[in-house]
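Protein chains: 2
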Amino acid sequence: MQFQLTTEFIEQIEQLISIKDGNALRELLHDLHFADIADILEELTSDEATYLIKLLETEITSEALMEVDDDVREKILDRLSPKEIAAELEEMDTDDAVDVIAELDEEIQEQVIDEIDDEEHAADIVELLNYDEDTAGALMAKELVRVKETWTIAGCVREMRRQAKNVTRVHSIYVTNKEGKLTGRLSLKDLLTASEKAHISDVFIPKVDYVTVHTENEEVARIMQKYDLEAIPVVDEEGILVGRITIDDIVDFIKEEAEKDYQMAAGISQDVEADDSIWQLTRARLPWLVLGLFGGLGAVYVMKGFDEALAKYVELFFFTPLIAAMAGNVGVQSSAIIVQGLANDNVKGSLFQRLVKEVGLALINGVALGLLVIAFGFFVGQERLVSVTIAVSMLSVIIVAALIGTFVPIILDKRGIDPAIATGPFITTSNDIFGIFLFFYISHLILDF
Amino acid sequence: MQFQLTTEFIEQIEQLISIKDGNALRELLHDLHFADIADILEELTSDEATYLIKLLETEITSEALMEVDDDVREKILDRLSPKEIAAELEEMDTDDAVDVIAELDEEIQEQVIDEIDDEEHAADIVELLNYDEDTAGALMAKELVRVKETWTIAGCVREMRRQAKNVTRVHSIYVTNKEGKLTGRLSLKDLLTASEKAHISDVFIPKVDYVTVHTENEEVARIMQKYDLEAIPVVDEEGILVGRITIDDIVDFIKEEAEKDYQMAAGISQDVEADDSIWQLTRARLPWLVLGLFGGLGAVYVMKGFDEALAKYVELFFFTPLIAAMAGNVGVQSSAIIVQGLANDNVKGSLFQRLVKEVGLALINGVALGLLVIAFGFFVGQERLVSVTIAVSMLSVIIVAALIGTFVPIILDKRGIDPAIATGPFITTSNDIFGIFLFFYISHLILDF
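Protein chains in written order, with the numbering used here: chain W, 1 to 449; chain D, 1 to 449.
Only chain W is shown next, with the shape it has when bound in the complex (with noise of 0.2 Å):
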């Protein structure tokens, strides 16, 4: 059933944009979904797309460029007239309207929303322009199904049909008072099996969750999963109904959010993908290295400073990259468990009882290692004492990186920081340094060199 996008269909397209067959490209290009137009796009040169935007319907074109990937849709925006753009904008719900505009030159953004014909179309964009980025507000589409408590089923209905031309889903009727304050809502349900009669004061269900303008993106991701809902209304500070925010939207933030994390913790900095230019990759990547070279250099310090051993105890020193393994890996994995629990909320119970469990999973993990160590020491006839003070100074470098993977993501969310940033590079890098430290110190202790 799915349409599969092949490079003979590719060449087809490009060779009849070449000759300029718009009839042929229409013909061919007529069933297929945005979706896939916007595959499509993706694959051709900028001029090519830009082609295809203005000879198809723009009822097909603003989809497709809202599914295109930022970078292909800026070289097209970049060959329309803002003319032409106010034409696919018209096309589009507001809040998609408003993602397109926001990556425009203000400039241009003037005379885009000056050749928007639909005037409330277009107002209804500049008011969404002007809530924060990361709160309901400018997430929200203007696009709803409203309905007052006073009107009847029957007279719903009509409105409803007259409103809904402009709704591309309708999901829930949200109703008013006289005063336009959200009171309730009424799901389609309601509607198809009340009677005609019945007044909505009689059959609409008071309880509705909202969100306000201001209530930030994450906040609304969390009660929209928490409460399974599938679009919620947005009100602003008086009580006034003024959008609503669809689950399409908030799975697109989800994963959004879910790739910042991955990508943070593994040392990539910004949103970048693996077809990004060589440059973005680098500023993504560089910073992060920057860091771990620090560290590394830190670590030379610290060698330096016990060179005593080198004489009697040269072995210590082969082991400095297993312990700055085991430091970063377990401080790795406690960060990692921490900061996802934090972010769906299920770090429970006081900092002393994870503190507790966390040295004891420490000691069980870490005397397991310990006794491989000892047993790889057996093997290779290294002397006894320092096959135990290896394993002892690593036990006590996993004790403690296991705390400070634990505990820093939580003293950064207490103070409002992202725990997020506390995995990968950061914690590996300090953990190697500390480690290293702790490892000589201790062995230091124990073997008096």
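Just so you know, the hints here were simulated from the structure itself, not pulled from any lab data.
Just to be clear, a hint being listed does not mean it is correct.
Note that identical chains are pooled: a pair holds if it fits in a single copy or bridges any two copies.
To be verified - Below 25 Å or equal to it, Euclidean Cα-Cα: the simulated BS3-like pairs (lysine-lysine) are:
1) Lys75 / Lys357
2) Lys255 / Lys226
3) Lys226 / Lys260
4) Lys54 / Lys226
5) Lys357 / Lys304
6) Lys226 / Lys75
7) Lys357 / Lys260
8) Lys226 / Lys148
9) Lys178 / Lys207
10) Lys260 / Lys312
11) Lys255 / Lys197
12) Lys20 / Lys54
The hints should help you fit chain D onto chain W, whose structure is shown.
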């Protein structure tokens, strides 16, 4: 507007449960959303939670039971009789009921199914239990609104009123032919705006996205996201409409997959949470630490093999944690980007292009970092040749680490293995050993020790 769960409220509930004051509890919890009841259940002991489940309406408790953590649900179900479990399942949609029943022992499963009064509901549950986990068949619900092509809009509305009572949310109305084969869909919007006398066959949309019962969950999620669907119908081998999947199940699936990948990158196998037992956490974490330990012991061996360098170039040994950290960080960065790219299907172009790009990126990063190492050597008065040697070896290590990080996931993916296992400890461990070997080998060539 949101309900805030306080310690005092929980204490009040515990108090009322201890004196078995059912009426006061019902009064107190009367107005709460099931998701809030679920939060309360998680704060109580299993016996207290079971008391509440038995006390409150199954309409609420069945939904709350779906929301609580698996562990909590398991403990509560252990304390309920098959008849009591059946009563909860009666209230659930079939897809949720199947999720719950699948967690029980097979013997209890049969007893519970026997106790379900609604025979059609029981038969639907048994049908769904037979599909492979991870496929659309196991994910779908049987509840949906279906109409026949030949009906009029008015007849359709009548029939829908009847069907809608059993369907929690009406997304789309699916249209079938006489044999029950899916032939299209009708949006509620179309239904609202069509004339009452029209026939379904005049107004329905014959193009409808669907999946089969055997489609894998990952593919279902991909299609629903790509085409922005809030529900998708499921058909069997003959094209007969048998169920539908809604976006809330897909939201859960996307979140779980993202968390799994994140945990994999952090060296945590299995699905664990911060609040799991020490034993569960050990099982999820220790295997990766043992892998890291073997890597570290491998590095010990490598360094023993280059111990002639100790006399003349002991600094090289001080730099091993730095080299290991660089190899690890670069490897994780490269693999994370590729793993994410593969998941989002945006790794394009030939392997050769990717190779050129990765080498270019590694060169830029490696040269920048190498210059820093040389500057460091200058400040600490290190022999210039040694500094340059370290910088050059590090550059080679970075290039190789980037290539391993990029191509191991690609190769795994081509062989049908989840590339996510190639992130985290797996890539850092192999890159540690390989990096340290390469570092000493190149230093050996340059410095000739």
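Going down the list of hints, with the structure as the test:
1. Lys75 / Lys357: The answer is between: 22 Å across copies meets 25 Å, while 53 Å in one copy does not.
2. Lys255 / Lys226: For Lys255 and Lys226, both the intra-copy (17 Å) and inter-copy (13 Å) Cα distances are at most 25 Å.
3. Lys226 / Lys260: Cα proximity of Lys226 and Lys260: in one copy and across copies (22 Å, 20 Å).
4. Lys54 / Lys226: Classified as between: cross-chain Cα gap 23 Å, same-chain 43 Å, threshold 25 Å.
5. Lys357 / Lys304: neither (35 Å within a copy, 38 Å between copies)
6. Lys226 / Lys75: For Lys226 and Lys75, only the inter-copy Cα distance (22 Å) is at most 25 Å; the intra-copy one is 39 Å.
7. Lys357 / Lys260: between (29 Å within a copy, 23 Å between copies)
8. Lys226 / Lys148: neither (28 Å within a copy, 36 Å between copies)
9. Lys178 / Lys207: within (18 Å within a copy, 41 Å between copies)
10. Lys260 / Lys312: neither (47 Å within a copy, 46 Å between copies)
11. Lys255 / Lys197: For Lys255 and Lys197, neither the intra-copy (45 Å) nor the inter-copy (44 Å) Cα distance is at most 25 Å.
12. Lys20 / Lys54: Answer is within: at 12 Å inside a copy they meet the 25 Å cutoff, but 71 Å across does not.
The structure fails hints 5, 8, 10, 11 (numbered hints given earlier, in ascending order).
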